[in-house]
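2 protein chains.
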Amino acid sequence: MARATYAFVPGHVTVFFNPVRHADPARTGSTGAGLTLSDGVAVTFEPAPETRVVLNDAPVTVEPVDRVLGSLSATGRVAVESALPLGEGFGVSGAMTLGTALAVNAAFDGTQTENELVERAHVAEVRSNTGLGDVVAQARGGVPVRLAPGAPPHGALDGIPAATALEYRSFGELSTAAIISDDVSAVQSAGERALTDLRAEPTLERLFELGRRFAREADLLTPRVETTLEAVQAAGGEATMAMLGETVIALESGLSDAGYDATACEVHPAGSSLCLGRP
Amino acid sequence: MARATYAFVPGHVTVFFNPVRHADPARTGSTGAGLTLSDGVAVTFEPAPETRVVLNDAPVTVEPVDRVLGSLSATGRVAVESALPLGEGFGVSGAMTLGTALAVNAAFDGTQTENELVERAHVAEVRSNTGLGDVVAQARGGVPVRLAPGAPPHGALDGIPAATALEYRSFGELSTAAIISDDVSAVQSAGERALTDLRAEPTLERLFELGRRFAREADLLTPRVETTLEAVQAAGGEATMAMLGETVIALESGLSDAGYDATACEVHPAGSSLCLGRP
Numbered sequence: 061m062a063r064a065t066y067a068f069v070p071g072h073v074t075v076f077f078n079p080v081r082h083a084d085p086a087r088t089g090s091t092g093a094g095l096t097l098s099d100g101v102a103v104t105f106e107p108a109p110e111t112r113v114v115l116n117d118a119p120v121t122v123e124p125v126d127r128v129l130g131s132l133s134a135t136g137r138v139a140v141e142s143a144l145p146l147g148e149g150f151g152v153s154g155a156m157t158l159g160t161a162l163a164v165n166a167a168f169d170g171t172q173t174e175n176e177l178v179e180r181a182h183v184a185e186v187r188s189n190t191g192l193g194d195v196v197a198q199a200r201g202g203v204p205v206r207l208a209p210g211a212p213p214h215g216a217l218d219g220i221p222a223a224t225a226l227e228y229r230s231f232g233e234l235s236t237a238a239i240i241s242d243d244v245s246a247v248q249s250a251g252e253r254a255l256t257d258l259r260a261e262p263t264l265e266r267l268f269e270l271g272r273r274f275a276r277e278a279d280l281l282t283p284r285v286e287t288t289l290e291a292v293q294a295a296g297g298e299a300t301m302a303m304l305g306e307t308v309i310a311l312e313s314g315l316s317d318a319g320y321d322a323t324a325c326e327v328h329p330a331g332s333s334l335c336l337g338r339p
Numbered sequence: 061m062a063r064a065t066y067a068f069v070p071g072h073v074t075v076f077f078n079p080v081r082h083a084d085p086a087r088t089g090s091t092g093a094g095l096t097l098s099d100g101v102a103v104t105f106e107p108a109p110e111t112r113v114v115l116n117d118a119p120v121t122v123e124p125v126d127r128v129l130g131s132l133s134a135t136g137r138v139a140v141e142s143a144l145p146l147g148e149g150f151g152v153s154g155a156m157t158l159g160t161a162l163a164v165n166a167a168f169d170g171t172q173t174e175n176e177l178v179e180r181a182h183v184a185e186v187r188s189n190t191g192l193g194d195v196v197a198q199a200r201g202g203v204p205v206r207l208a209p210g211a212p213p214h215g216a217l218d219g220i221p222a223a224t225a226l227e228y229r230s231f232g233e234l235s236t237a238a239i240i241s242d243d244v245s246a247v248q249s250a251g252e253r254a255l256t257d258l259r260a261e262p263t264l265e266r267l268f269e270l271g272r273r274f275a276r277e278a279d280l281l282t283p284r285v286e287t288t289l290e291a292v293q294a295a296g297g298e299a300t301m302a303m304l305g306e307t308v309i310a311l312e313s314g315l316s317d318a319g320y321d322a323t324a325c326e327v328h329p330a331g332s333s334l335c336l337g338r339p
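Protein chains in written order, with my numbering: chain A, 61 to 339; chain B, 61 to 339.
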């Protein structure tokens, strides 16, 4: 019996990454590390003859959401409530795609497993060129470290155990597609070096420090982000850039301590999940 | 700086399992499937020169907790609040052990990753003969399916995507150690067959049905459990036996619909996690 179903997927800020392409989109992805956020995306799905996707009550077209619906041969109304903006480095397209996959399977009493739904959402993101590592990180939660690229069972994850308050501040969009389709050798070498160094010292403080080094080495800093990172450090805090948005994320109250308007949240303890009722 | 730290670990009911022994305890474990519960174990750890473990305010000795403290070279006060009884098939020893590992690492600003802490807790359980699959399932959350035995990176997990209400009722203890140390060929063949059949049809209803078949084939049913399972089915519900306790778990209100006093909870959406404050 088709019915309305609900899923919640945490936001995800990539701190550093190394894109890895493969002929198989399920093996394409990125290694790297990031933070999942208690702010995220709540998806409500209701089967219907025509598909309609709305984000915070406004109609929207999000290619990987359409792709994942197609891959599950489903149509219906996808209603998304998001505290986070699309396109600013919070993994909102990945969250919408994974949340849709989970909710659609539940609505039709489907027989996909969690790993299969994560793979479908990951492949939809890879094909749409909208993300390489958000979906697998969002499925895990916490502070995910992507050791090997791709969807399960190809990808491999670990995590930095951490419960902490965070703050974020966005200054605008950067195009994920332009940057991850471009020449990526500087990104790759910086990302690989950062992962090696994080594995030698897997702590939150080291993650932020390596994020700043990655952003400089990969030449991804914008002037506003650079100024903000310097201000947070001058105030004794830890901050780094969200990949890929003109967005800064800080430990605890790092941004407001430095005088910025910022939104507070926490590391999300869990990963994506179905919900019994509206999240 | 040492300080008090907090972790929450969901309860875990194994529905069926196939024990797999290996010379390396990190590769020892079980395949199978189960349900993590929103009822679980909250651990508070405070470093101290002497170790003291209390469960719901009563001093207690739990061998794998002592082992995991030893493996992290830590001593201190482990205070556990548990809604679930020890020894009745809810994975409480695994939850206490994993929660202790997470909280100890955080208290000492340790550099263990999540996977490393899961491995330490899993190995402590295996060496104590108190569990073979609870820890890895509790680290994942949801409705975990254990495809390959052991701690990360050896073990492999998937999950049945499900948000549902549950009920449980315990009639008493069964000795995990006696059963998983015993001749296990009937358990192994029943467990292997159940996993094959669940993978062909990975749904909650099938999980409960295969759990009942496993309990019969492995000859683990007690008279009280058998009577209760029959009563729940007669009332139109789905129930199965918790491995290993004299305990019945039912979908939704299956036990109370059949006239039993039962405790209500839900599938836990997430896995184990550190908490910012007392859970």
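Be careful, since some hints might not be right.
[As the list claims (entries may be wrong)] From chain B, some residues computed to sit far from chain A (all C-beta separations above 12 angstroms): (1) 107; (2) 118; (3) 143; (4) 163; (5) 169; (6) 172; (7) 176; (8) 218; (9) 219; (10) 224; (11) 259; (12) 261; (13) 263; (14) 269; (15) 281; (16) 334.
[As the list claims (entries may be wrong)] Residues from chain B shown here face chain A by an in silico Cβ test under 8 angstroms; the list is partial: (17) 98; (18) 102; (19) 130; (20) 132; (21) 147; (22) 165; (23) 166; (24) 213; (25) 214; (26) 216; (27) 221; (28) 324; (29) 326; (30) 329; (31) 335; (32) 336.
Note that these hints are calculated values from the structure, not bench results. Fair warning: this is a prediction, and the values are worked out from it, not measured in the lab. Don't be surprised by glycine CBs; every beta carbon is placed ideally from N, CA and C.
Do the hints match the structure? See the list:
no. : hint : verdict
1   : 107  : holds, 17 angstroms
2   : 118  : holds, 27 angstroms
3   : 143  : holds, 18 angstroms
4   : 163  : violated, 9 angstroms
5   : 169  : violated, 7 angstroms
6   : 172  : violated, 7 angstroms
7   : 176  : violated, 8 angstroms
8   : 218  : violated, 4 angstroms
9   : 219  : violated, 4 angstroms
10  : 224  : violated, 7 angstroms
11  : 259  : violated, 8 angstroms
12  : 261  : violated, 6 angstroms
13  : 263  : violated, 6 angstroms
14  : 269  : holds, 14 angstroms
15  : 281  : holds, 28 angstroms
16  : 334  : violated, 4 angstroms
17  : 98   : violated, 10 angstroms
18  : 102  : violated, 13 angstroms
19  : 130  : violated, 19 angstroms
20  : 132  : violated, 12 angstroms
21  : 147  : violated, 27 angstroms
22  : 165  : holds, 6 angstroms
23  : 166  : holds, 6 angstroms
24  : 213  : holds, 7 angstroms
25  : 214  : violated, 12 angstroms
26  : 216  : holds, 7 angstroms
27  : 221  : holds, 5 angstroms
28  : 324  : violated, 12 angstroms
29  : 326  : holds, 7 angstroms
30  : 329  : holds, 3 angstroms
31  : 335  : holds, 5 angstroms
32  : 336  : holds, 5 angstroms
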